[in-house]
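All chains, full assembly: derive it from the sequences and hints.
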Amino acid sequence: MALPLKYNIRNIIVRKGSTLATAFTIGLTVAVFLMVMALARGIDLTLSSSGEPLNVIVLREGSTAELNSSLTRENFKDLMFLDGVVRENDQPLATAEIVTLIYKARKGMTQGSNVTVRGVGPMSFKLRSGYKTIAGREFQPGLTEAVVSKRIAERFQGLDIGDKFRIQTTDYTVVGLFDSAGKAFESEIWVDINSLASTTNRQTYSSALLRAKDQNALTALTKRITDDPKLHLKATSERAFYEDQQGTASGALKGLAVFISFIMAVGAGFAGMNTMYAAVARRTKEIGTLRVLGFGRLSILTAFLLESIAIALIGAVIGILLALPLNFVSTGTSNWVTFSEIAFNFRVTLDLMLFALAFGGIIGFVGSLLPSIRASRFKIVDALRA
Amino acid sequence: MKFAKLIFKNILRNKRRTVLTISSLVVSLFLIISLATILTEFDRGSDQSSPLRLVSRHAVSLGFVIPIAHMQKMKTVPGVKEVMPFSWFGGIYKDERNFFANFAVDASKLRVVLPEVKMSDADWQSFVNDRQGAIVGRKLVMLYGFTPGQRVSLKSPIYNQTVEFIIRGVYTGLDEKTLYFHHEYVNEMLPEWAKDQVSTFSILANTPEDVPRVSKEIDSIFANTSAPTKTESEKEFALSFQTMMGGVKQFLYGIMAAITFSLLLVMGNTMAMTVRERTKEVGTLKAIGFQRGTITALFVGESLIVAGIGAAIGIGGAVLIFRSVDLSLYIPNFISFVPTGQTLLAAFVLSVLVGLISVIYSAYRVSSLTIAEALRSTE
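Line by line, the protein sequences are chains R and Z.
Each residue of the first sequence is one higher than the one before, starting from 4 at the first, in my numbering.
Each residue of the second sequence is one higher than the one before, starting from 2 at the first, in my numbering.
Wrong hints could be hidden among the right ones.
[What the hints assert, rightly or not] Taking CB as the label site, the calculated pair distances span:
1. R112(Z) with G254(R): 29 to 39 Å
2. E246(R) with W194(Z): 24 to 34 Å
3. L301(R) with R139(Z): 55 to 65 Å
Treat the hints as calculated values from the structure; they're not laboratory data.
Since we're looking at a predicted model, the values are computed, not measured.
Note that beta-carbon positions come from the ideal geometry of N, C-alpha and C, so glycine has one too.
Right under this line is the structure:
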């Protein structure tokens with residue numbers, strides 16, 4: 004025979020001070036876990052949403068990032084006329100790009116980080132969905148003008164419309180700000196590819212981007228390019244290229260999240276145990292009475308476990324509420340693959356919240372197991388005499 | 002103190018509770034100390050940088066290289082004692098997960114420019130004499146088991162080149178996780194754009210006072226060339242790497258604050274339970290003449306002792322663990338992983354404060370009850 008739930012609820016309310024303290028301890032554990040995971044998730048989501056499903060990115064064989072890759076102009080001509088590349092009005096939907104870094108100071112600091120500068124052609128805008136000018140205008144091809152992502156302009160000094168920044172010996176003027184629905188190139192500055200090539204004295208490109216007709220064409224294209232012994236190039240689907248960059252930065256954060264929240268959970272578990280032992284001790288006589296009334300050992304065990312899991316779940320909900328305001332807060336760190344700034348948002352996603360809820364519940368269950376077993380083992384006579 | 006015995010009896014009365022509370026304190030303190038150590042180790046890199054050295058790189062960013070020919074002009078700047086190529090090779094040993102720094106340097110100058118790098122004279126000699134030679138830090142030996150004479154291949158994605166080196170010595174000092182080799186040996190194998198180029202120069206000044214002036218003069222020499230430089234003290238250079246981490250620091254502080262707060266809740270809750278259960282006893286004590294102050298002091302003493310024991314185990318445990326396991330082996334750029342004295346002291350002060358704050362309200366409330374109220378308590 005199970006004890007009515009009302010019994011548990013009453014008990015939780017009667018001891019509201021201690022219930023709240025325990026719940027908050029678990030809540031803080033859950034909140035810290037969620038916040039660190041939300042950071043890692045933000046990086047993952049930014050990078051995984053960045054690749055267009057049908058885009059193919061071509062780098063030099065052996066390169067891990069665009070920054071240390073190079074392709075010749077002949078390479079690019081070969082690539083753009085390959086079978087399987089989409090054509091628009093007889094123009095292949097393909098572009099070469101040049102990527103370089105400039106060092107900029109963060110706002111309010113003297114030190115900063117590397118920001119990616121990408122030299123792009125007209126097709127670059129068509130190959131990437133989500134690009135939107137939100138202030139100012141596009142750069143004029145051939146001029147030393149630049150458009151800057153809004154997030155980078157917000158985080159670094161001297162990158163607002165009208166500001167000038169220097170690459171090598173050339174000054175570029177910022178003429179517009181853009182936005183791109185949270186993709187990785189939202190951490191970049193875009194300039195005209197020809198002007199960047201002459202500014203940096205580069206004869207070669209960093210990468211090439213091609214749009215494949217369909218999934219089969221994509222597979223065929225990547226194989227065709229990578230296997231060509233004359234080219235010495237490596238083609239990957241753009242999606243896989245960005246997903247591969249996730250590992251380092253978000254992996255370290257996930258490790259940190261597990262380490263911190265595990266230790267905090269142990270601490271919270273001990274605290275929960277204390278509370279439950281005290282509750283059991285205080286209610287010894289009550290437990291005796293319940294047993295006399297005919298409630299079995301199992302009902303007592305279940306009642307105490309449920310009560311503590313309920314407290315833990317309240318805690319987890321508090322934790323989620325504490326972490327939730329961080330959702331979509333913008334931040335940034337260095338992408339450890341490219342050594343450049345990557346701007347992203349904290350993302351407290353539904354699956355993370357459900358996981359956090361389960362995590363809280365488990366802390367409650369583990370913490371109350373021993374006290375509940377103790378409660379169920381009381382002998383009726385002893386319990387009543389306590 | 003004549004009440005010490007009473008306090009200890011009280012602590013031992015509910016052994017399980019005391020043990021659980023102390024355990025909770027211990028793990029939380031361990032965590033706080035670990036996180037604080039991550040923060041202090043971030044700083045250690047820049048704190049241990051030499052006040053005599055400068056780093057010069059391309060003005061735009063580390064993504065650009067500068068000609069090695071810059072070295073001659075740099076040497077002519079008054080106050081400069083030595084200039085050495087210090088070029089990031091980015092070589093990968095077998096697998097990308099085996100990350101360690103490797104630099105192309107001038108073997109004959111390394112000892113002068115980085116005097117912190119210590120090795121026997123014989124080892125220095127055999128490194129300098131072997132163009133294909135390389136030296137590795139003590140911790141790299143611990144991680145990968147390198148031995149002198151061993152051939153080690155590094156594949157650099159930056160230069161798309163695999164180069165084989167022969168280990169000629171194991172050094173101690175600095176991070177002990179770096180491999181140094183001859184710049185001139187690798188230079189021949191680099192692609193055209195990277196030939197006779199370096200990513201950074203390490204510059205040794207005569208005196209620390211020379212450093213700011215040297216930095217300005219070098220940068221002005223190259224300001225209008227195709228490879229302008231940015232020259233800064235080694236400390237500033239290290240700091241610029243730290244700011245690349247962005248908001249990580251503030252984030253860690255936030256987490257530490259959350260842990261402290263939860264510690265306060267745990268201790269506060271335990272002490273509240275303890276005090277409440279003894280309400281009747283407080284009545285008895287009052288009835289036999291104990292003053293309110295004494296009763297409060299008894300509770301405060303109990304809480305402080307529990308917190309003190311927790312602090313001793315937590316702090317001692319952290320010191321022991323980090324002394325036996327060197328986490329810096331596994332964290333890139335970390336020279337060591339040792340809690341500073343300041344961190345440990347702060348952890349101790351924190352536990353004392355937690356012990357004090359968590360009991361004060363309950364103790365005050367129960368000791369202000371009248372004898373009758375306290376004795377009538379049903380707890």
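Do the hints match the structure? See the list:
{"no.": "1", "hint": "R112(Z) with G254(R): 29 to 39 Å", "in the structure": "37 Å, holds"}
{"no.": "2", "hint": "E246(R) with W194(Z): 24 to 34 Å", "in the structure": "30 Å, holds"}
{"no.": "3", "hint": "L301(R) with R139(Z): 55 to 65 Å", "in the structure": "60 Å, holds"}
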